[in-house]
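Asks: Each chain, letter by letter, is given below.
4 protein chains.
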Amino acid sequence: MASKTLAEVSQHKSSSSCWVIIQNKVYDVTEFLPEHPGGAEIILKYGGRDATGVYEPIHPPDALKKNLPASKHLGSLTQESIRVIDEQNDNREKTKDELRVEQARKKMPPLDRILSLADMEIVARQVLSYKALAYYSSAADDEFTNRENARAFLRFFFKPRVMRPVSFCDPSTTILGFRSSIPVFVSGAALAKLGHPDGEANITRGARQGDIIQMVSSNASLSYAEIAQAADPAQTLFFQLYKHKDDEIAVKRIQEVESLGYKALFLTVDAIVAGNRESDIRSPWVLEEQENGPLYFNQEEKKPEAGLNVFGTAGALVANDDRDMTWEKTIPWLRSITKLPVVVKGIQCVEDAVLAVEAGVDGILLSNHGGRQLEFSLPPMEVLYALRRERPDVFDRVEVYIDGGVQRGTDVVKALCLGAKAVGLGRPFLYAQSAYGTAGVSKLVEILQREILTAMRLLGASSIHELRPEMIQRVDWEPRRASKL
Amino acid sequence: MASKTLAEVSQHKSSSSCWVIIQNKVYDVTEFLPEHPGGAEIILKYGGRDATGVYEPIHPPDALKKNLPASKHLGSLTQESIRVIDEQNDNREKTKDELRVEQARKKMPPLDRILSLADMEIVARQVLSYKALAYYSSAADDEFTNRENARAFLRFFFKPRVMRPVSFCDPSTTILGFRSSIPVFVSGAALAKLGHPDGEANITRGARQGDIIQMVSSNASLSYAEIAQAADPAQTLFFQLYKHKDDEIAVKRIQEVESLGYKALFLTVDAIVAGNRESDIRSPWVLEEQENGPLYFNQEEKKPEAGLNVFGTAGALVANDDRDMTWEKTIPWLRSITKLPVVVKGIQCVEDAVLAVEAGVDGILLSNHGGRQLEFSLPPMEVLYALRRERPDVFDRVEVYIDGGVQRGTDVVKALCLGAKAVGLGRPFLYAQSAYGTAGVSKLVEILQREILTAMRLLGASSIHELRPEMIQRVDWEPRRASKL
Amino acid sequence: MASKTLAEVSQHKSSSSCWVIIQNKVYDVTEFLPEHPGGAEIILKYGGRDATGVYEPIHPPDALKKNLPASKHLGSLTQESIRVIDEQNDNREKTKDELRVEQARKKMPPLDRILSLADMEIVARQVLSYKALAYYSSAADDEFTNRENARAFLRFFFKPRVMRPVSFCDPSTTILGFRSSIPVFVSGAALAKLGHPDGEANITRGARQGDIIQMVSSNASLSYAEIAQAADPAQTLFFQLYKHKDDEIAVKRIQEVESLGYKALFLTVDAIVAGNRESDIRSPWVLEEQENGPLYFNQEEKKPEAGLNVFGTAGALVANDDRDMTWEKTIPWLRSITKLPVVVKGIQCVEDAVLAVEAGVDGILLSNHGGRQLEFSLPPMEVLYALRRERPDVFDRVEVYIDGGVQRGTDVVKALCLGAKAVGLGRPFLYAQSAYGTAGVSKLVEILQREILTAMRLLGASSIHELRPEMIQRVDWEPRRASKL
Amino acid sequence: MASKTLAEVSQHKSSSSCWVIIQNKVYDVTEFLPEHPGGAEIILKYGGRDATGVYEPIHPPDALKKNLPASKHLGSLTQESIRVIDEQNDNREKTKDELRVEQARKKMPPLDRILSLADMEIVARQVLSYKALAYYSSAADDEFTNRENARAFLRFFFKPRVMRPVSFCDPSTTILGFRSSIPVFVSGAALAKLGHPDGEANITRGARQGDIIQMVSSNASLSYAEIAQAADPAQTLFFQLYKHKDDEIAVKRIQEVESLGYKALFLTVDAIVAGNRESDIRSPWVLEEQENGPLYFNQEEKKPEAGLNVFGTAGALVANDDRDMTWEKTIPWLRSITKLPVVVKGIQCVEDAVLAVEAGVDGILLSNHGGRQLEFSLPPMEVLYALRRERPDVFDRVEVYIDGGVQRGTDVVKALCLGAKAVGLGRPFLYAQSAYGTAGVSKLVEILQREILTAMRLLGASSIHELRPEMIQRVDWEPRRASKL
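Chains as they are written, first to last, in UniProt numbering: chain W, 1 to 485; chain Y, 1 to 485; chain D, 1 to 485; chain H, 1 to 485.
Simulated from the structure, these hints should not be mistaken for laboratory data.
All values reported here derive from a predicted model rather than from experimental measurement.
Mixed in with the good hints, there may be bad ones.
Copies of one chain are not kept apart here, so a pair can be met inside one copy or by any two copies together.
Below, a list of computed lysine to any residue pairs in the SDA-like style, where the Cα atoms sit at most 25 Å apart [as the list claims (entries may be wrong)]:
no., residue 1, residue 2
1, 131, 233
2, 45, 16
3, 245, 170
4, 329, 8
5, 66, 33
6, 96, 296
7, 65, 176
8, 94, 223
9, 72, 328
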């Protein structure tokens, strides 16, 4: 195929013929336009020109290969065109947000001075691009659920036991039979490249260093293979499955990760449509206003950016997911196509926990998707507490995990007292890798390990088996954070 | 009748003879003075001169015709007098508040960027005149009840169900047999012209676009006929009835709306006297001080504006209402004069809900008038919850609605889980039409529809019949809004 | 007796001979020094000179007569000395606090614009001297109890009844058989002259205008006779009795008020020692620092003002009270010396309410002294609620009143729903008279009357007998005030 | 031994040979390096030079003697070297923090104006060095537990009794048979010299003046003998025992204090490892940044100060403590080596209170170490309340004390109502001695005595035996502090 020139590409920018340039290669995406989960408009905006900058941070490298037939790969740009693009990139004026991030990255504190997950988040919030922060931190509606997930832990106090030998104390456990140095895993969280060029691989390498298990999202920004390659051969990876509405595509995805050595499937059931994450939806406008000033009601000359939709990034990610899964149909189907253990991620009430057990899954992850989906879904810690009181038998029949709102080792220990086998964290790992890459992830595990160990010893427990429901009490008041004034 | 001159009119400005000019026509209101619900003083203040500016936004155009005999319609001004008035109006210096509103109207964001009811209210609060905002937003005493109406929803969390087919999801319902695209209606709210020159017609047209039902207030600032004309022939309108203490006048009002095609009567029972809405009462003083500086205790030369009373706008609106209604007398009387379905609006406890059912009404609207009447009336959501627990049979015998404090689709869905057939919103529609006219109202319905649909799907409900009490849990803590610091 | 000169008086300023000048008369207080409830030091500070300015606002005019034998009344100053004192007073530089008050008094809003008790308090806080405000507003320790008294009302919501005839509505009642236009009385509150030169007489005249009953404090700053004279002959006054530890003095006080026509005795039992009112104790230092700058640890030249004690103004007032009263002894003794009805003021739990009934009193006033005595005494509204649940029979056997924290007509109506016969207010009347004199007091009654009437009508009650426990519900959440940001 | 020169000493600054100068004496600490509880690095930082400034405030004078064999005491510096050190000290530029403290010390208010423990703390917070304040005030993790200890008291209200004779009122009691003027003792708190050069002796002398009992910490910054010498022969001292992991060393420590006349052992069981006190851990960095500016991620030239560890000061203090104590082993062992009464300090739940009783101890101190150890340990006041409800028999079998969060006399009285024999305070005494030395401590006792006496009288109790559980009620709401705006 002959190399293309920029001039040639620029002819193809309409819905009747739309080409885009990604990393100096040209693609004909005309037929893909109606299928693009993020909508056709955002592609058309970049039709006929270079889209690498916006494409890269939110797509794995194999996305084009998986979604476009080979015939639509139109080949490379000419050397001259590549030179022009490079020059344009070199000369492009940085946005205010990019300049802000640059400054913030220069002022990051040494990693040694990060004492807690909160410290890590503070740094990450400063060095993340506005868009990345909006995607990572946003939650549904007014973000009550997101805050309540964390606050729920505050209503649980310890009844510590003294005069027990704890000089030896072991916080390790297994999850689905796989060893973990502490009862903590990385819960699936998408688009790590938004925060750091190495993306999910930072988490993979940090998880190895800390000897914990990573659950990789279907919506990872690296390919599943790239992540598997970043892992040590003996390292355990789990896979967070968003089931495609087309069973065949779904099967292909499962077979891919199974062959790559992923060890379990966490079927996500709480995100069949996107939650209403307003900060994320609003972020393109905020950036636009930051550069060009506000847009007013009657302004004729300024038009809002095309391609915005009220479901934001999340909407694009789940656009093709299966909204009609059922216990009767989906679990047996999954069993029929894979031998991997199956965990249901997104159980939000006792009734569904019981149904999941009856459907024969290997584990359940009590989660409301970090408060990003249904606003006012009960906090997982409250669901765990209800499950312990109402159906303690469930803990004997499947492994139970929770995620959402975990900030401290004491949070983890509280969940374990109530019967959780392990506790997942999502955003904290995204923040850690965004700020400090692999070292940040490794540091995070180290902090949690230290906090868990301290809490266990002061509770009088020398192994996780000694963490018992009797050691915890739900109180009828709520501690308040110190006011910062 | 000979045309009048300004000079002639200006002779009549006392309680023995009082003329006023409204839209270039002259009226003798001497005999009407003692009957004016807003008091004689405010009319006397404008006696002998043009009162159009203060009259128009708070009276429907047929108010003069309904209240003044033809003999008191003294005819037009002379052309020269009309010219003088126009000139005066053109030359009148704008008040600080008018200038503020003008500026704010220029800076309204595009409607596309309004993502939530809160966004809409923020804009409306900026572009409304101080007086309109005071009337719309004010509530009784310290406005606890108003805030509690909204906060009550925060104490109800969902127990979402997963693995249910929801790709098809229908949020439509009927109210008294009339279709509504979502389980939401416009609850009666007075004086829309205060916020926008097109007044209630904005809501009528927006309701049609969104396919929901509007309840029109007895105290609308357009005539009932004008509103009916703004509606599509197939569109459903309900009427919020404030019963006049004079039965004959009350009958006339009912017959008028029945003949105009209104489809149901919502008899208002919680506003027999006006609540103590201090912000509204205070608003004329605030405006006066803004223009002329504060008034002090011992100032001789400055006198407070006449015509103020401690019951404010609300007091004027209900001055002639019936304070002696009873279940035994009023409902049968109403049935005797109309075939329209009758709903009682303003039920505030379980006991009265039961009495209403026994009185044979078609529906009850649990409402405390948006917190504008009795301070510390229980939030409707709490009354609904008590009704569900104590008298679930009521839901089988009449349709139950609530209004007050609704801000999100999840609020609507919570009420439906507990058995409400539909949920009313008042202030949000006033804000929407004030800011963006008909388009604002239509946008509001669109937002609610999207939020309701998302909540239903994430709850696992594909129709409103699948929303059940088991899906909701009242919690013993209270979520807090993020602090804005 | 020969007139004294300033020079002569100035010789007597030690504990061996101490003279003071009050309103141009000279008194020998040497023997009184150890008996002075406020301590000897404060008198010695003014020994040998004019003490009128500090004496007047906190002593009734007959205090000298009652406490000093005639032989210690040394007669008048010479005319020349009087001239010198007048000149000194005229030339005295005003303190910063006096100048602040002067300015604030000029900026008081017209009384018509006072819509609520909160409005009144805001004005009073601006125009009161620092010392007066500290005495009036202060409460025990960290003032939790004071705030909780008010917040307790917020936990009670109404279950309003509709469709009841209320065009006629009568809020009047009787207290111990004496008529009151509304179920509200002035609760005993000391030292009204601190806030206004006419002192308690403002309240007396305002109470007459509003047709309510005033309870006069033993520690009034006018004499009991002066207050009686300010009253209309038909007007009802009650007396708040602080029992002197010396029974004879106590009897004399009771006989005095009985002969002056006071109609009942409210025996105060919750203030046998002074509460720890830190703001009051601190106020002299604050004023001193305001004038002269702060006092530091090692400053030699500056010495703290003499006469301060850690019990403040309150300590002085109760220094001679009886700390050993008992049910067995005190009530029979009181009955033996007076025919007036006896109410016990300061009941703080159900057990003591029952003991009071058994001791045969005519009424009980549930009160914790406005939070000024024992910090963490339960709010009276909570005690009332407990009494209603645990011992409803008490309401049939004695009249029950409460005071403390009342700010709104709804507060009054809530207490009446639970069975209170009437509700007392103390501080609000002090604030009202301080700011606007008699007119302020009268305005306060008018506001309460309007608010009570509105609340009763909207509750569906046409008389206070229709206010029932079923109309009120204690809720498990707490409304919050709007943030002022 | 020949005197050493600075030049000679400076040769020994590595782990193979490390000398330090303390108060002009030279010590060879090479072999001690690995045993130093605070880590070897911090010593190496001062190797080969004068370490007096950092050593003194946190080590008792006999620490060197106890920990270093005589052969390692290398003798004095030469006079010339001493002169050089003195000169260096004289010329050393003060740090910003030292200058701040100097200024603050000049502005301390006179002690007479300290009315409450809060007043005292405010002064102390201003005059303490950053490091001392960080150590004294810090608590575990986010310091919820520390705040909750204090807030727990707010949920307990009084049901005061009136008409009881209280002119005579005696707040004195005994603790383990030893008299105390009020039911308050000084709870063990380490490192008083950080706040004041006289250290723990201030507390000893103040406790004597106030006639209360001091519990001396194993980690006192004066030697146990020095403290005993500061005491009056008749004065009672208790000893807070941190048991060394080496039983022989532990026995030696117990025998020492027994022979010095200490009267009881409070075995500390809640601090076997250090809590995560982030403010304390962070304090060296904050000071460093204050002097030299912030340290950034990629700075090459600046390196973080050596010797920091994530367990901070507390970690060093407990590094050698016994983490394997048990009821079966440790209590009998303790009984076998001492006749002193044994109290277990750090009981945090009812179950362990019962085990302690069964183990035959003389008393239990309900404590979570001032919130400095396990975050989310229940507040002692809540544990006391649970113990009263669930196991009231415990109060008859051992003496029960609590500490943590006490700020007011009412807090003390509340604990006594529930059955506590006495209440300990730690931080408040550290603050008092830091600010005002002995006089501050004495003042603190005086304030508490006054507050306890007032509370008892207003409660109707004339001795501590009349404080009963019926006088207290746990409420279901929480009082809020006044906002300071």
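Asks: Hint by hint, say whether it matches the structure.
Replies: So, going through the hints one by one against the coordinates:
1. 131 with 233: Classified as neither; 34 Å inside a copy, 48 Å across copies.
2. 45 with 16: Result: close within a single copy only, 14 Å intra versus 69 Å inter.
3. 245 with 170: between (43 Å within a copy, 20 Å between copies)
4. 329 with 8: neither (50 Å within a copy, 84 Å between copies)
5. 66 with 33: within (15 Å within a copy, 61 Å between copies)
6. 96 with 296: both (21 Å within a copy, 22 Å between copies)
7. 65 with 176: neither (33 Å within a copy, 56 Å between copies)
8. 94 with 223: Neither. Shortest intra-copy (29 Å) and inter-copy (58 Å) distances fail the 25 Å Cα cut-off.
9. 72 with 328: neither (40 Å within a copy, 78 Å between copies)
In this structure, the earlier hints numbered 1, 4, 7, 8 and 9 are contradicted, and the remaining ones agree with it.
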